[in-house]
Amino acid sequence: MCKIYSKQFISMTAFTTLVSLASFSHAHDAGATMDPDGTVAKFTGYASVTCFDDGNGAADHLAVSVKDTSPPVPGLLVNMQVIKGSRAANTTDPVSGDGSFSPEITVQGGNGVYQILVNKTNAGARSFQVSYHCMTSTNAHTGTDITVNQFE
Amino acid sequence: MKMSNRFNIVLLLTAIGLTAMYQSVSAHTRLKTPVISENNATHGSDYNAVVVAHGCIDAATNAATIDTLGTVVVFPDGKDSTITVNGQPYSGTLADYVTNWGSPVTKVQDKSIFPYEDYIKDSLGNKLGFWTGGGKGLKAGFRAVVPIATAGVIINPESCAKSVQFVVSIADICQITDAAGFSDQSVMLWTPTVGSIYQFEGAHTTDSPATLTVNRSITPLPASCGAGEEVVVKPSANQLNRDMRIIYEGQQIWPKQ
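Going down the list, the sequences are from chains L and E.
In terms of our numbering, the first sequence opens at residue 1 and continues consecutively.
In terms of our numbering, the second sequence opens at residue 1001 and continues consecutively.
There may be inaccurate statements among the hints.
Derived DSS-like pairs (lysine-lysine); straight-line CA-CA distance at most 30 Å [to be verified]: (1) E:Lys-1136 - L:Lys-84; (2) E:Lys-1136 - E:Lys-1107; (3) E:Lys-1111 - E:Lys-1139; (4) E:Lys-1121 - E:Lys-1136; (5) E:Lys-1162 - L:Lys-84; (6) E:Lys-1256 - E:Lys-1162; (7) E:Lys-1162 - E:Lys-1139; (8) E:Lys-1121 - E:Lys-1139; (9) L:Lys-42 - E:Lys-1121; (10) E:Lys-1107 - L:Lys-84; (11) E:Lys-1256 - L:Lys-84; (12) E:Lys-1139 - E:Lys-1032; (13) E:Lys-1032 - E:Lys-1136; (14) E:Lys-1256 - E:Lys-1136; (15) E:Lys-1079 - L:Lys-42.
Honestly, the hints are just simulated from the structure, not real lab data.
For clarity, every value in this text was computed on a predicted model and none was experimentally measured.
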């Protein structure tokens, strides 16, 4: 039985690469595709980012930005919001597919849980990348964790 | 050497042997650090480990002498989990007590014992657990320290929780079987008794899961809370039946289908 088990494992060649959603959920700069069928204008990605002291110091703020990597479509832009407590901010990538991120926005909420949202202005598939980094008061990167709550 | 001295030595060695055997089957698979503080992560997360205590049990000798081929670890997803507060069922959501639960564990890559490993994820890509196994496995009589990191947990500051305990389900696999083949000889199921397929009558490990307890440490209890509440989060049978599996390249390896 042990042999069988080992053989099953040894025969494995490579792990399946989980694209889009998984990569969105587990890096500080990552991407995914919203509304892949192009029919859901209200499509929203919703995640919780936890900021903590990873040895670089307590978090002062969360800085985020978004980049729409799909070709331009009139009236179709990607937005990103960040919320913590009574503070919130919004940013939009004004030019799709140009390789540039939106203006960076920050919310100053210290350590703790920030809510981030990614959405768009109309129906249509949008591939995007997000950047999210918990920063200290001296702009040093510090502990950043994420949990994806919704992607639909 | 006098006969009486030889006899004493034999007695001593026997006692040591019996003690060692007793310890080897009485230790449970647990987290190395089962109690942590709230969101006190350093260098990315709270570094911890799953300690595989012993192998499976030989039916003839009742000793834990069967090697372990791999282990599967699953944290509650917090969505369809069972929550109790001070021992009483709670019908609200986990968000009432914890504001950021969802992707609780990161595996620290380590091939020193089991050369293969991968995550167990939910449909959103959150990491709810992992499996590791293969190779020559863990020789009976030895322990394994399987390194992990757990995400910082933040207790809802408005809640009365003074601690939140997450029940962690672990299967130490000694033989690849289907669920009908689960026995003390094939698997050590350190799982809660919640009605899943990962329990069986008379198991050595019955209702003896690992736990991770997070003590409130960031915000003080609201004055109205009194002594505070102890919250326990268990996975549902549905979650265990769904998540506690080894799937590789699209094929389920364990439990055998």
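Against the structure, the hints:
no.: 1; hint: E:Lys-1136 - L:Lys-84; result: violated, 49 Å
no.: 2; hint: E:Lys-1136 - E:Lys-1107; result: holds, 20 Å
no.: 3; hint: E:Lys-1111 - E:Lys-1139; result: holds, 15 Å
no.: 4; hint: E:Lys-1121 - E:Lys-1136; result: holds, 26 Å
no.: 5; hint: E:Lys-1162 - L:Lys-84; result: holds, 23 Å
no.: 6; hint: E:Lys-1256 - E:Lys-1162; result: violated, 41 Å
no.: 7; hint: E:Lys-1162 - E:Lys-1139; result: violated, 40 Å
no.: 8; hint: E:Lys-1121 - E:Lys-1139; result: holds, 29 Å
no.: 9; hint: L:Lys-42 - E:Lys-1121; result: holds, 25 Å
no.: 10; hint: E:Lys-1107 - L:Lys-84; result: holds, 29 Å
no.: 11; hint: E:Lys-1256 - L:Lys-84; result: violated, 46 Å
no.: 12; hint: E:Lys-1139 - E:Lys-1032; result: holds, 19 Å
no.: 13; hint: E:Lys-1032 - E:Lys-1136; result: holds, 23 Å
no.: 14; hint: E:Lys-1256 - E:Lys-1136; result: holds, 20 Å
no.: 15; hint: E:Lys-1079 - L:Lys-42; result: holds, 23 Å
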